[in-house]
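Protein chains in written order, with our numbering: chain G, 1129 to 1479; chain X, 48 to 545.
Source of the hints: derived by calculation from the structure; they are not laboratory data. Computed from a predicted structure; not experimentally measured. A couple of the hints might just be wrong.
[Stated by the list, open to error] Under the rule of at most 20 Å between Cα atoms (straight-line distance), these lysine to aspartate or glutamate pairs were calculated in the EDC-like manner:
| hint | chain 1 | residue 1 | chain 2 | residue 2 |
| --- | --- | --- | --- | --- |
| 1 | X | K159 | G | E1142 |
| 2 | G | K1436 | X | E416 |
| 3 | G | K1436 | G | E1261 |
| 4 | G | K1257 | X | E416 |
| 5 | G | K1257 | G | D1344 |
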Amino acid sequence: MPRARSTRLRWFRERGILAGLVLCGVATVAVTGLIVFILARETSTFFGQALTPTHGDPARTVEVSLGDFFGDLTWSPNAPVDARFGIWPLIGGTLQVAGVAMAFAIPFGLMSAIWLSEYAPARVRAVLKPVLEIIAGVPTVVFGFFALTVITPALQMRFWQVPEIDPSTGQPLLGADGQPLTAPLLADWVSGYNALAAGLAVGVMCLPIVTSLTEDALRAVPRALREGSYGMGASRFETATRVVFPAALSGVVAACLLAVARAVGETMIVAIAAGASALALSDRGPGRLLALGQDTQTMTGFLVQVFKGDIAHGGVAYQACYAVALTLFVMTLFLTVLGGVIRQRFGQRYE
Amino acid sequence: MSDAPANRSERYDRRDPAGRRQRNRLFAGACVSVAALAVCVLVVLVASVALRGAGRLDLAFLTGANSEAVAEDAGFGPAIVGSLCLMMICALAAIPLGVGTALLLEEYAPRKRLLRWFHGVVQANITNLAGVPSIVYGILGYTALATMFNAVGSPDTPGFSFGARYVAEYRDLSNQSVFVGLDNAQAALPPASAGLAYFADADLSERLATQVVTAEEIDPMRAELTGALDGVERRFRTALRAAQPDGQRGPVRVTRELAAQIAGELFDGLELQGDLTAYRELAQAQLMKMDGLSGLDLLPVRRALVNDLRDMEFAAAGARGVLEAGAEPQRRQVRAWYYFQAPFGRSVLTGGLTLALVVLPIVIVSSQEAIRAVPSSQRDAALALGGTQWQSIEQVVLPTAVPGICTGTILAMSRAIGEAAPILLLAFSFIQFTPVFREGGSLMDAFTAMPLQVFQWTSNPGDAFQSTTAAGILVLLAVLLSFNAVAVFLRYRFQGPR
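Kindly generate the complete structure, drawing on both the sequences and the hints.
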């Protein structure tokens, strides 16, 4: 009898454990479900409702429609009168930062990945991989501080101070102590908070992601392909760029898309170094996107501005952050799904 | 490349070998400089931070509380403790959930169609979760954990809680708070005169030294009290005179009715706070003692009454709060260390769980890799020996996979400790106290964390906080490096160099 009981007990235990593990799986799916539910629910209370303005007369309620959100070119949630809620300036700011970041991270990341996988001696790899891992593990607030205190001054060439000239008189401006005031050489082109420095810092942050994911993809290409190429008399460069890289292209594209998703969703760097004024797209049009030296605001930057308490809870700007977060979520989801599809569709499996 | 056009390979043949070798070398050189750039960036970053922050790094900084205004006084203590608490909760939540999901995906190969579909959904979902911006998790944590959709009360008035006692807080004239125990959160606050009874009973009231009333506030209060008592004495005299027949100076007959009448009138129009019944009863008892005494002998009794009243008033004032200032007793919650409430509020628990959700995909993926690395022959052997699925997992797969799981988990924790965005909405970067590890601290404490404190300092205008920020970053990086060192050690110790 004890035998039979123990078998039944074991059966129950097995079932119970499987049920527990299934619950874990359900919980992970529930997280996504909850995110979508919360964002959708709160966003639905943003559109088409009379909401109290952030500043100014509470009686003059603001109503935002979906058409305003995607049709307006001005983002001014804090304006006391005529607050406007067009998402494009925030998307533009996000594109600026992510664009700069990718312009830095993708070429450099691909090159260092190719080098690590095809050229580097094993000992150098053993040193460089942990370095990349450490860079990948550096908190983003640190990169933000880095952007604000190292990259921006370097871009402004703050070590090269020039006297400030009063534009009306042409005379040098004097400070309170009678000494002429000075400013960094490029202060007119690069302001204290700017998209360029933030984008570069985001690029540095994304570099290890691009590098290590691309390297993984390159190393997954079987040796036989390389050996075939070498056997045909190709050089390492030719093998790397014409055989291995094309063979791993789907993985590389997926890696880059993942990095773009990270850059789009990056928060603290832009909150610290990019400033807090949304692009004035309506004034100067899309060309404003190229003024990378000026301050800007990304979608995540706006969320931080709201969350850290600069904007009062309960007002229209606070409600707006859910709509912005949903837009952000949809964008990153699209990028991740696209990356997954590319890897699955175009990925070649070698046995 | 079998499908490459034939003429292309012919072109290769015609190329000069020297040029090809040169291109190869050029590319290799460019790649080396790019890879070196990554190292340089790290060096510059660490150097710039270290140069700025090393001077501020001392014991006072590591243990002191934050200061909003003075950079030199700002300490990192609460943030360090807060981060460590977050890490503990995060690990406790993320590891079982993550490893469980990884086991489900790797060890339980689905045979039924529905289960296979479920497997696919979970796997795809993990990839998507990894891409969700961390600030979105902050919104999730705030809505689903901190406020719980406001379905079970609000964070301030939780629908469910245990481990809390409630007290009524009175303030006395010697700058101290007096706490009187209450039965529960809904119990009515004892009025000031009832507070008197509690005040006399040392078992019920609990004195804690908290600075509440300043010395400047006390003197005018005392003057007001004296004025009020003078008023009582004057009324007492008048009342007695009225009780005596005209011109008569003999013994006074104080009947019960007369005493009650005088006691009733005694306090009319006086601005004394609280329940006057206690005063009236005391006055009546004193008046009864005067029965049959001559007018001359009234003096000591009257003095006794006034003294009694004065004591009583002092005591009541002490138990009641700021005298004549209209201050009502406050309801206060005294929390045990195991205090728990159902909407978690913006607490350490919420922060840790939110971070657990942020790093969950990392834990799952790294655990999956570690489990996958266990040779399937070992699994088959366990099953062939008659072990059940779980026995093979518990006794064969997990022991082999644990180092890999640990490495991945530690790396995930080091990601969590540096995250500021998800807890931005949940933390209070201005708190001065050490969360959890303090008197009355619990997992429901408000918290701050290292990256958040750094962010708050960075957003201060001007350069005053720069060295403080840098010192904070140094501490953060040191913690991270030690995490990474442990992970790397584990990897090399148990897996050999990869």
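Taking the hints in turn, this is what the structure says about them:
no., hint, verdict
1, X:K159 x G:E1142, "17 Å, holds"
2, G:K1436 x X:E416, "38 Å, violated"
3, G:K1436 x G:E1261, "30 Å, violated"
4, G:K1257 x X:E416, "18 Å, holds"
5, G:K1257 x G:D1344, "12 Å, holds"
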